[in-house]
Amino acid sequence: MEKLLQVKDLHVSFVTYGGEVQAVRGVSFDLHKGETLAIVGESGCGKSVTANSIMKLIPSPPGKITAGKIIYNGQELVTKEEKEMRHIRGVDISMIFQDPMTALNPTLTIGEQLTEGLRQHQQISRQAANQQAMDILDLVGIPNPKERLRQYPHQFSGGMRQRIVIAMALICEPELLIADEPTTALDVTIQAQILELFEKIQKETGIAIILITHDLGVVAKIADRIAVMYAGKIIEVGDKREIFYHASHPYTKGLLLSVPRLDRPEEKLIPIDGTPPDLFSPPVGCPFTARCPQAMEVCEKVYPYQTALSDTHQVECWLQDEKARKPAVL
Amino acid sequence: MASYIIKRFLIMIMTVLVIATLTFFLMHAIPGSPFNEERGTNDVVQANLEAHYHLNEPIYIQYFIYLKSIATLDFGPSIKHPTESVNELLGRGFPISFELGMVTIIVAVLSGIVLGVLAALKHNGFIDYLAMACAVLGISIPNFVLATLLIQKMAVDWELLPPATWSSPMHMILPTMALATGPMAIIARLTRSSMLEVLTQDYIKTAKAKGLKPYKIVIKHALKNALMPVVTILGTLLAGILTGTFVIEKIFAIPGMGRYFIEAINQRDYPLIMGTTVFYSFFLVFMLFLVDIAYGVLDPRIKLHKKESD
Numbered sequence: 048m049e050k051l052l053q054v055k056d057l058h059v060s061f062v063t064y065g066g067e068v069q070a071v072r073g074v075s076f077d078l079h080k081g082e083t084l085a086i087v088g089e090s091g092c093g094k095s096v097t098a099n100s101i102m103k104l105i106p107s108p109p110g111k112i113t114a115g116k117i118i119y120n121g122q123e124l125v126t127k128e129e130k131e132m133r134h135i136r137g138v139d140i141s142m143i144f145q146d147p148m149t150a151l152n153p154t155l156t157i158g159e160q161l162t163e164g165l166r167q168h169q170q171i172s173r174q175a176a177n178q179q180a181m182d183i184l185d186l187v188g189i190p191n192p193k194e195r196l197r198q199y200p201h202q203f204s205g206g207m208r209q210r211i212v213i214a215m216a217l218i219c220e221p222e223l224l225i226a227d228e229p230t231t232a233l234d235v236t237i238q239a240q241i242l243e244l245f246e247k248i249q250k251e252t253g254i255a256i257i258l259i260t261h262d263l264g265v266v267a268k269i270a271d272r273i274a275v276m277y278a279g280k281i282i283e284v285g286d287k288r289e290i291f292y293h294a295s296h297p298y299t300k301g302l303l304l305s306v307p308r309l310d311r312p313e314e315k316l317i318p319i320d321g322t323p324p325d326l327f328s329p330p331v332g333c334p335f336t337a338r339c340p341q342a343m344e345v346c347e348k349v350y351p352y353q354t355a356l357s358d359t360h361q362v363e364c365w366l367q368d369e370k371a372r373k374p375a376v377l
Numbered sequence: 013m014a015s016y017i018i019k020r021f022l023i024m025i026m027t028v029l030v031i032a033t034l035t036f037f038l039m040h041a042i043p044g045s046p047f048n049e050e051r052g053t054n055d056v057v058q059a060n061l062e063a064h065y066h067l068n069e070p071i072y073i074q075y076f077i078y079l080k081s082i083a084t085l086d087f088g089p090s091i092k093h094p095t096e097s098v099n100e101l102l103g104r105g106f107p108i109s110f111e112l113g114m115v116t117i118i119v120a121v122l123s124g125i126v127l128g129v130l131a132a133l134k135h136n137g138f139i140d141y142l143a144m145a146c147a148v149l150g151i152s153i154p155n156f157v158l159a160t161l162l163i164q165k166m167a168v169d170w171e172l173l174p175p176a177t178w179s180s181p182m183h184m185i186l187p188t189m190a191l192a193t194g195p196m197a198i199i200a201r202l203t204r205s206s207m208l209e210v211l212t213q214d215y216i217k218t219a220k221a222k223g224l225k226p227y228k229i230v231i232k233h234a235l236k237n238a239l240m241p242v243v244t245i246l247g248t249l250l251a252g253i254l255t256g257t258f259v260i261e262k263i264f265a266i267p268g269m270g271r272y273f274i275e276a277i278n279q280r281d282y283p284l285i286m287g288t289t290v291f292y293s294f295f296l297v298f299m300l301f302l303v304d305i306a307y308g309v310l311d312p313r314i315k316l317h318k319k320e321s322d
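In order, the protein sequence lines correspond to chains C and D.
Counting the first sequence from 1 gives a position; our numbering is that position plus 47.
Counting the second sequence from 1 gives a position; our numbering is that position plus 12.
It should be emphasised that the hints constitute simulated quantities derived from the structure, not laboratory data.
These figures come from a predicted structure and were not determined experimentally.
Please note: incorrect hints may appear among the correct ones.
[Claimed, not checked] To be clear about the criterion: a stretch of chain C counts as covered by chain D if any three or more of its residues have a C-beta under 8 Å from a C-beta of chain D, and this derived list gives those stretches:
#1 76-90
#2 129-140
#3 199-212
Don't be surprised by glycine CBs; every beta carbon is placed ideally from N, CA and C.
Assemble the whole structure, with the sequences as input and the hints as a guide.
In structure tokens:
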């Protein structure tokens with residue numbers, strides 16, 4: 048499969064009065080055309096920062112990409128000027144945000160907000176743009192698109208607004224959609240509908256999706272591959288089955304154990320004790336050491352190298368080392 | 013919309029009526045009469061004069077005569093300008109005051125918004141500090157101090173602009189500057205703070221993610237939302253500018269309505285007090301009405317007509 052996006056050793060920092068926060072500390076991953084990659088992790092692990100970096104929407108200052116490469120379709124994005132990025136945003140890569148209640152401008156009609164990107168990037172008449180807007184509203188499942196175009200965001204429900212936000216992201220037919228917690232602000236029934244919409248869109252347009260979420264239920268439904276982030280690093284990546292059934296990093300295992308399962312109601316949820324490390328001064332070793340039930344001496348001192356468990360499944364953990372696998376001799 | 017306008021119009025009439033009534037009783041509560049300064053009048057002449065202007069009638073009769081003249085919009089002759097009616101005086105003075113007021117409000121709003129937006133975009137930069145320093149000065153310096161300073165420097169010392177009167181665009185510059193600086197400063201500060209808030213909103217990020225050009229993001233997405241507080245304060249600023257014109261007209265010897273207003277009160281020229289007050293209050297109430305209409309234009313969430321059934 049062709050690689051659409053390659054992120055190589057990405058480092059992003061925020062310079063604040065308190066010092067430099069290293070939000071992303073060497074993230075690398077690939078994304079193939081038409082694939083859905085989910086980036087999961089708890090709040091503050093750097094998953095949103097990674098997503099915003101791809102679009103170069105990190106507020107700067109204070110944010111800055113300090114190292115690494117983002118290669119989209121052969122183009123290096125990190126070194127691109129703001130002006131060049133404008134021709135990529137919305138056209139090649141689109142992004143949708145968490146809260147549909149605030150992502151739409153309350154003073155402009157839906158039609159205006161849908162078509163403005165289109166008319167910015169393409170030579171297209173207002174009429175043709177409106178037609179395209181109606182088609183896309185139809186695709187995302189909004190009835191009466193013609194009347195709806197003239198309405199304002201406050202005349203739509205939350206789920207409808209998220210559909211509009213998705214329509215807005217899709218209207219220029221991008222190849223990559225970055226969805227930053229697209230269902231977090233919605234109630235559960237609407238969440239399911241929106242996820243089904245993602246599946247439908249992917250089937251019809253062949254778009255690649257990067258899904259940022261902390262909700263493993265969402266991931267199980269639509270992801271092809273999963274990258275688990277912790278303290279600014281991807282600690283385990285693999286396809287969906289590998290992560291759900293053969294998770295090998297203690298953090299991934301902990302995440303899975305802390306999600307309720309309908310098929311095993313008698314099981315207790317096991318939370319992960321402790322809190323993530325302070326990213327002002329991240330630990331030199333594995334950042335999960337302090338919370339890890341299987342922590343060893345080496346974990347604290349040296350960051351683990353990457354171990355490939357299969358072609359698609361990689362993990363960064365000392366437990367995979369030969370010495371750790373041997374049963375302890377007492 | 014039509015029912016809203018009719019309703020607002022009735023409220024406007026009521027407001028003006030209340031102001032007019034208060035003015036009437038306050039005006040008669042001030043001791044003295046229009047003829048106190050007249051010399052060589054004996055009691056008979058005085059009585060005749062009072063009878064001519066209905067000042068000998070009981071107060072409630074005078075009040076009804078007063079209400080009638082408001083209703084017919086004919087304020088009768090001025091006592092101190094016997095050759096002219098109040099309507100004629102207003103007709104002469106108002107266009108000039110209106111011109112001064114409008115030029116001032118346009119200058120204040122446009123420059124205030126531009127300064128505020130620039131300051132917000134260059135937040136914590138040089139332009140921001142400069143604009144806000146100017147704004148603090150503008151708010152702190154009273155317009156009559158600024159007016160005399162401007163006349164001294166621009167007209168007397170450097171001889172760049174005419175010092176007074178109102179005849180050409182050149183004459184308008186100094187009075188407008190003196191009058192517009194305060195409101196401009198307030199608008200600039202308000203625009204800046206609300207722009208800063210709007211620029212952090214999610215929909216601005218959405219607009220950026222669409223790849224829109226920066227000026228489009230600022231003007232179409234940010235400014236329209238940031239202007240709501242500015243529109244809110246516009247009503248108060250209009251009142252401020254209105255009263256400011258009295259002072260500024262006096263300093264720059266502008267033949268507007270302001271001098272009649274002050275003169276009339278000093279001389280107890282009852283018909284003229286009544287005419288200017290009713291006129292000013294009606295004008296102000298009408299401007300506030302326009303401000304309310306502007307809300308609905310800027311923000312579709314504010315409905316001016318009856319609630320839609322959801």
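Cross-check of the supplied hints:
1. Given a C-beta distance limit of less than 8 Å, the hint that chain D covers the stretch 76-90 of chain C is violated, as 0 residues qualify and 3 are needed.
2. Residues of the stretch 129-140 of chain C with a Cβ under 8 Å from some Cβ of chain D number 7, which satisfies the need for three, so the listed coverage holds.
3. Using a Cβ-Cβ cut-off of 8 Å, 3 residues of the stretch 199-212 of chain C lie near chain D, which meets the minimum of three, so the contact claim holds.
Violated hints amount to a single one, hint 1; each of the other numbered hints is respected by the structure.
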